[in-house]
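*Asks:* Here's the letter readout for the chains.
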Amino acid sequence: MAELIVRNLNHRYGERATVRDVDLSLRSGRVHALIGPTGAGKSTLMALVAGVVAPASGTVEERLQAGDESNGAARLGVVFQPAGLWEHMTAAQHLRLVLKPTGLGRSAREARVAHYLERLGLVALRDRVPAKLSSGQRQRLAIARAMVVEPRWLLLDEPLAHLDGSARNELLGLLRELLAGCGAGVLLITHLPGEAMAIADELSVMIDGRVVQTGEPEHVYRQPTDLEVARLLGGASELTGEVRGGVLMIAGVEALSGVSGPDGRRTLIVRAEDLAFTPDAQGPAEVRACRFTGGAYVLRVDVAGASVSVRSDRPIEPGTQGRVNWVN
Amino acid sequence: MTAPLRTVSLAARRRFNVLGPALVLVLMLPVAVGVGSTLNAEGFERYRSTWLDASGWSVFGRSLGFGATAACWALAFAWPVAAWSSRLGAGARYTVLALAALPIVLPGSLLAVGWVMALGRDGVVANGLGIDKPWLTIYDKPVAAAAIGLRYFGLAALPMAIELRRLRLRSGFDHAYGLPGWSRWWWLTARPVLPAAVAGFVLVLVFAINDHIMASMFLVQTYGTQVLVALNAMLDARLAMVRCMPMVLGGLVVSYAVARRLRGASVGETHVVIDGESRGGFASAWGALSVMTLALGAPLVALAVRAGSARAVLAAFGEVSDEFQTTAVTLAIAVPITLAAGLALARAWRSDERAGRFALAALLVVNLVLPGSVLALGTLRLFEAGLLATWRDTAVPLAFALVARFTPLAALLLFAVGRRESATRRDAAKAFGLRAWAIARHIDWPAQRFRLAAVALVVVLAGATELEMAVLLTPAGDTTLGVRLYTMIHTAPDALVSAVALAYALALAGVLIAAGAAVTMHRHNGAPRG
Chain S
3 MAELIVRNLN HRYGERATVR DVDLSLRSGR VHALIGPTGA GKSTLMALVA
53 GVVAPASGTV EERLQAGDES NGAARLGVVF QPAGLWEHMT AAQHLRLVLK
103 PTGLGRSARE ARVAHYLERL GLVALRDRVP AKLSSGQRQR LAIARAMVVE
153 PRWLLLDEPL AHLDGSARNE LLGLLRELLA GCGAGVLLIT HLPGEAMAIA
203 DELSVMIDGR VVQTGEPEHV YRQPTDLEVA RLLGGASELT GEVRGGVLMI
253 AGVEALSGVS GPDGRRTLIV RAEDLAFTPD AQGPAEVRAC RFTGGAYVLR
303 VDVAGASVSV RSDRPIEPGT QGRVNWVN
Chain B
23 MTAPLRTVSL AARRRFNVLG PALVLVLMLP VAVGVGSTLN AEGFERYRST
73 WLDASGWSVF GRSLGFGATA ACWALAFAWP VAAWSSRLGA GARYTVLALA
123 ALPIVLPGSL LAVGWVMALG RDGVVANGLG IDKPWLTIYD KPVAAAAIGL
173 RYFGLAALPM AIELRRLRLR SGFDHAYGLP GWSRWWWLTA RPVLPAAVAG
223 FVLVLVFAIN DHIMASMFLV QTYGTQVLVA LNAMLDARLA MVRCMPMVLG
273 GLVVSYAVAR RLRGASVGET HVVIDGESRG GFASAWGALS VMTLALGAPL
323 VALAVRAGSA RAVLAAFGEV SDEFQTTAVT LAIAVPITLA AGLALARAWR
373 SDERAGRFAL AALLVVNLVL PGSVLALGTL RLFEAGLLAT WRDTAVPLAF
423 ALVARFTPLA ALLLFAVGRR ESATRRDAAK AFGLRAWAIA RHIDWPAQRF
473 RLAAVALVVV LAGATELEMA VLLTPAGDTT LGVRLYTMIH TAPDALVSAV
523 ALAYALALAG VLIAAGAAVT MHRHNGAPRG
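Chain order of the listed sequences is S and B.
The opening residue of the first sequence carries number 3 in this note's numbering; numbering runs sequentially from there.
The opening residue of the second sequence carries number 23 in this note's numbering; numbering runs sequentially from there.
Hints are computed from structural coordinates only; laboratory data are not their basis.
Relax, there's no trap hidden among the hints.
27 Å max Cα-Cα, derived DSS-like pairs, lysine-lysine:
(1) Lys134(S) / Lys102(S)
(2) Lys134(S) / Lys452(B)
(3) Lys102(S) / Lys452(B)
When you get a sec, could you build the whole thing from the sequences and use the hints?
*Replies:* Listed below in structure tokens is the structure:
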């Protein structure tokens with residue numbers, strides 16, 4: 003199994019550090035998603051891994067074993083953001099050009115082009131230049147160009163960017179299918195948790211140039227290292243107080259019951275789906291707003307001076323008093 | 023787990039791009055050598071005799087006053103053009119601005135001959151009105167300044183048009199606030215455009231002061247004429263250089279200011295804008311068309327009247343065939359080198375990090391803003407000794423000076439036309455392992471060949487019509503077309519001078535029409551098909 007190892011990578015843009023001490027590894031056949039807010043340095047990190055930008059320090063190495071280097075396969079396939087399509091070339095010409103350095107014969111190249119045009123649904127569009135393609139078709143062409151070289155490492159920077167709901171879901175399904183069968187080690191960069199969770203075997207969170215947490219997607223979601231990571235992966239609130247016998251007390255008020263773990267002063271990161279609201283006229287919490295989010299309601303509840311989001315299966319009138327319980 | 027067979031490093035290596043700074047140093051040589059030639063005892067003596075004497079300051083003051091008058095005229099001419107162009111769609115806007123810039127790329131001697139034929143003491147206008155002693159001639163300084171303003175108003179129109187366009191896009195709903203017309207015009211249009219107008223004024227001032235061809239043909243004594251006298255009559259290159267020094271210092275200040283603006287120039291930006299209202303376009307359209315007709319029409323009509331017949335114009339082509347040849351040879355040497363160097367600098371500039379951009383931009387602009395005579399004097403000195411002396415009396419010195427002068431122009435244009443282009447186009451090619459040659463052949467050339475041709479055309483026009491350096495650098499008896507026109511006004515009959523000028527204008531118009539046709543065909547054929 004080939005491995006791509008990023009060690010202590012740093013990059014500066016003028017005075018600003020864009021990538022700071024990043025360690026990361028990819029393994030063939032596995033998808034590693036990198037998620038982070040806009041401006042976190044994700045795309046710069048990808049450009050460093052792709053070798054188109056030079057790092058200030060650090061290394062990017064691949065460790066290969068016998069059989070990892072097959073004929074006709076390239077080292078890298080990349081989907082850039084923006085896609086970096088060549089506006090003067092047709093879809094088929096894009097694929098033909100990137101196959102040239104692979105050393106494949108002409109007929110093998112043509113067969114590969116035909117195969118990937120077909121896989122990505124671009125056969126009818128093979129003679130169109132990018133300006134004559136829709137956003138979704140352009141993204142599919144970018145993905146086809148990256149995959150046609152059957153690379154050891156596939157770097158995807160926001161491959162579903164600029165697509166609306168239905169086109170996004172359609173391409174997400176196709177991408178999942180393609181990645182499962184390609185055998186490449188994949189680095190998927192995205193700012194959308196749903197996209198990362200749907201595809202990734204491993205997840206890293208990048209904030210302000212640093213990778214702050216890496217692990218299996220569910221683990222990172224359930225056990226975020228801090229509030230910023232938790233917020234990035236889905237609406238979360240922070241509550242700080244004294245836990246006594248499973249009850250979080252804030253300023254002497256019972257803010258949250260059903261808390262597991264040791265007693266003492268603690269900070270809890272809670273998500274709406276972890277909490278439930280029980281109406282109680284004597285309760286310390288008050289519903290401030292109720293919003294339908296499709297399939298469920300999200301309440302904004304004020305308790306002991308803090309504000310938390312709580313999931314509810316039914317609507318509750320603002321102004322209703324009650325209690326907040328930890329349910330997961 | 024099996025032990026790794028081998029480890030391969032993938033990270034790109036950080037490389038320092040030496041080509042950009044090295045090219046800039048070569049291009050700066052003429053200025054450095056020219057200024058350096060005055061930094062010795064003999065030079066200091068010239069400084070003392072020139073600047074401790076009232077005559078030096080008087081010539082400089084006259085140049086400044088004349089240039090400022092021309093710049094004021096240029097601003098007045100530029101305003102309607104900028105206002106009108108900002109109301110137009112992209113294609114029409116570029117056409118109007120290109121037409122406004124057209125007089126700049128016509129040779130100064132051609133326009134000056136045209137104005138002399140129109141408004142000379144026995145010019146077409148005076149003759150037509152039957153006036154023996156005309157009260158309005160091109161030899162009156164304000165009129166001469168207006169003629170020069172009509173050459174350079176495009177320089178002022180461009181920054182104002184950009185600013186006005188931005189305002190228009192941004193403030194389409196300003197009228198909703200109910201401000202009175204004048205108040206709205208002053209606070210929401212004139213005041214925001216003021217910095218651009220000042221920039222335009224300074225640019226025109228610099229170019230008008232340094233245009234000593236038109237000034238000398240209108241008999242205005244600016245520093246340029248003193249440079250020519252010092253070099254040709256007194257055979258004193260150092261004195262000529264010393265007389266340029268205030269313009270060198272002024273040019274450096276302008277270069278610094280321009281470079282500061284260029285420093286912030288970003289790559290790959292696109293803006294989504296909502297167009298605003300478009301009212302009051304008639305007055306600005308009428309004004310703009312009048313200015314552009316006056317700038318080009320008056321001199322050309324006067325030339326046509328004086329030339330007499332089409333046969334005379336055709337005969338004039340034969341009269342100046344040697345000069346055509348010299349001009350063509352010089353351009354054949356200079357233009358490819360200028361384009362190659364411009365491409366390399368534009369690329370270095372694009373890839374350079376922001377910190378490095380400022381120095382490169384500042385150095386780039388210097389050669390464009392300094393007086394042409396400074397570059398020419400430096401080039402003369404460079405080709406005085408050593409190996410280069412063997413080329414002294416050939417087209418090479420002028421070609422070298424043209425390269426030094428216009429490479430910054432080519433680099434700036436290539437940078438500007440490539441600004442919107444996404445950098446990922448090349449990054450993608452690199453990431454897929456394409457070699458430099460394959461990237462150049464398959465990615466760069468197809469995408470850029472048309473832009474390169476357009477910039478080549480601008481460089482050809484600029485080189486073919488440049489005169490301040492050509493007057494000093496062309497060998498005697500082997501002159502370019504512009505220089506011949508400049509000198510023959512004193513020695514040949516008006517009809518012949520007019521016919522030659524018109525032939526020159528027709529040749530340039532032929533180049534422009536061919537370029538226009540190429541643009542049209544490119545737009546027609548280049549449109550992607552579904």
